[in-house]
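Visitor: Fit chain B to the known structure of chain A by using the hints.
So you can see what is in the structure, the chains are spelled out below.
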Amino acid sequence: MSTSTSTATGNRTVTYKQGSAAGRWLRGHLVLILGLIVLVYTFVPIFVVVLMSFNAPTSRLIYRFDGFTLHNWLNPCEAEGMCSALGTSIEIGLLATLGSTVLGTLIAFALVRHDFVGRSSMNLLIFLPMASPEIVMGSSLLALFVAAGRGGQLGFWTILIAHIMFCISFVVVTVRARLAGLDDNLEQAAMDLYATPQQTFWRVTFPLVFPGILGAALLSFSLSFDDFIVTNLNAGNTTTFPMFVWGVAQRGVPMQVNVVGTVMFLISVLIVVGGEVNSRRRQRALT
Amino acid sequence: MSETVRKRGRTGYLLLIPGVLWLGLFFVIPLYSLVATSLFDPSGSDTVGYTMTYHWANYSHVISDYWQPLVRSLAYGALATLFCLILGYVLAYAIAFKAGRWKNLMLVLVIAPFFTSFLVRTLSWKLLLADDGIIVNTLQFVHILGADGRLLATPFAVIAGLTYNFLPFMVLPLYASIDKIDPRLIEASSDLYANPFVGFFKVTWPLSLPGVVSGTLLTFIPAVGDYINAELLGSPNQRMIGSVIQSLFTNANNYPAAGALSVILMLLIVVMVLFYVRRAGTEDLL
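In the order they appear, the protein sequences are chains A and B.
At position 172 of the first sequence the residue is numbered 172 (the UniProt record's numbering), and the sequence of numbers has no breaks.
At position 236 of the second sequence the residue is numbered 236 (the UniProt record's numbering), and the sequence of numbers has no breaks.
Bear in mind the hints are in silico, worked out from the structure with no lab data behind them.
Nothing false has been slipped in among the hints.
Cut-off 20 Å, straight-line C-alpha distance, at most; resulting in silico cross-link-like pairs (EDC-like, lysine to aspartate or glutamate): (1) 202(B) - 179(B); (2) 180(B) - 183(A); (3) 103(B) - 179(B); (4) 202(B) - 182(B); (5) 7(B) - 192(A); (6) 202(B) - 191(B); (7) 7(B) - 184(A); (8) 7(B) - 115(A).
Keep in mind that this is a model prediction, so the values were computed, not measured.
Pulled out of the complex, with its shape left as it was, chain A reads as follows:
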């Protein structure tokens, strides 16, 4: 496996006596080629989603590419019920992101910066929701809502409660990683320069942790937006986007679903590329 011609630290060439030049090249790049094949595999379904978003279907039940059209892109809400489901998902996603990011960030700060009784049980409490199958979390919340006599009131608020619950742990882990990797000296320096604790926090600590919080928020939004299993159990008559897709999967998928899929893909690429450009620029500014 270590037949590479160069590595991150040293430039050492491993040469093999046997084999042609092409064979050597292939051996040296085998892992990279296999890795690229896996990467292509992850993109195949995306390619289908993008393609189908331009599809002009002749029948709603046969799911295949029949001809090119912009119709789906120009009339996304023509798919009955899709846009309201999308709206519900975005609304819940934003609120769940806000709630879980605030609660999770507070916990992360407490875990890294403060000492308290019951630290290890706290770690367990953070770990368990991430390690529980969604079906168990969803059914236990449903059991609670039914036991509390609220089974008849399932809907927007019960979905929101559930989403905030399962996002918190991911926020804690993401923010904690950023916070733990922070250089303590910067804060010490600020204090040495007579900054008050508040000033130190808002001018030094918070801006440094912010990328972590932002990352956690993006993660929360996508977890919430994409969740089906927990949502489906606690939704009552409310329909989110994944529930809409689930519903139409049996009776014929409107092509507009693929428009949404494509847009989600584009937005995520833009966000990640934007973040990358931003951090490159900052790095260049520092050097």
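Guide: Using the frame of chain A, we list chain B on its own:
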């Protein structure tokens, strides 16, 4: 990890309280409530109400009724995790050691497809694997698949779907731990006349174990509980446990049985995880 001196006092508790309350109210208490539900008298219903009779027989009933989907889910989950590990390791290794200046771009490319909705992606797999689809036709053309062979509605399709959908959960932790490995250690092993394979199994693999452990857990647990792939890509007589629980809750309104089945699934996973973590010997999962 950090050298920070942790402050004592009230502030820590004040920061914890809101989040802990939320997790307590909507994660811990529901689990308790689930266990209680699993012991209710099965003759009740959600309209009449349930009575707590410590009806342990619920457990033996659901095991004899649903052991097949239970075993199937564990098997599918394990196979999907194995395939994820193989594919994910290759990808993570290539990104960490071979991608050079394309490293960040490749990482972005790994994550990007997974922001497109889970269900939308699974539907597009359904299209790809369809009976008259491009994959089936190709496989039939080269005679890997018989003329009336199919992929959709087979265990193969379900496992392929699970593997695809949970791959990033494997790649990211693997990448994090492989990227930390000092390449000089691998060079040293080859200086000491280890061939690439020995070098890999004696140096790289052991050093990447933390990533392997967290990656397999992050893949296995959701894969066992998932039923979206099984419903969309599999056949109706090969249901996974998640869809049994879901339909017991929402269609059959049999809360005690659904509760008992959820508790069994949770216990099975906890036991397997504890055993696995102990064997793999990595305690610092987080």
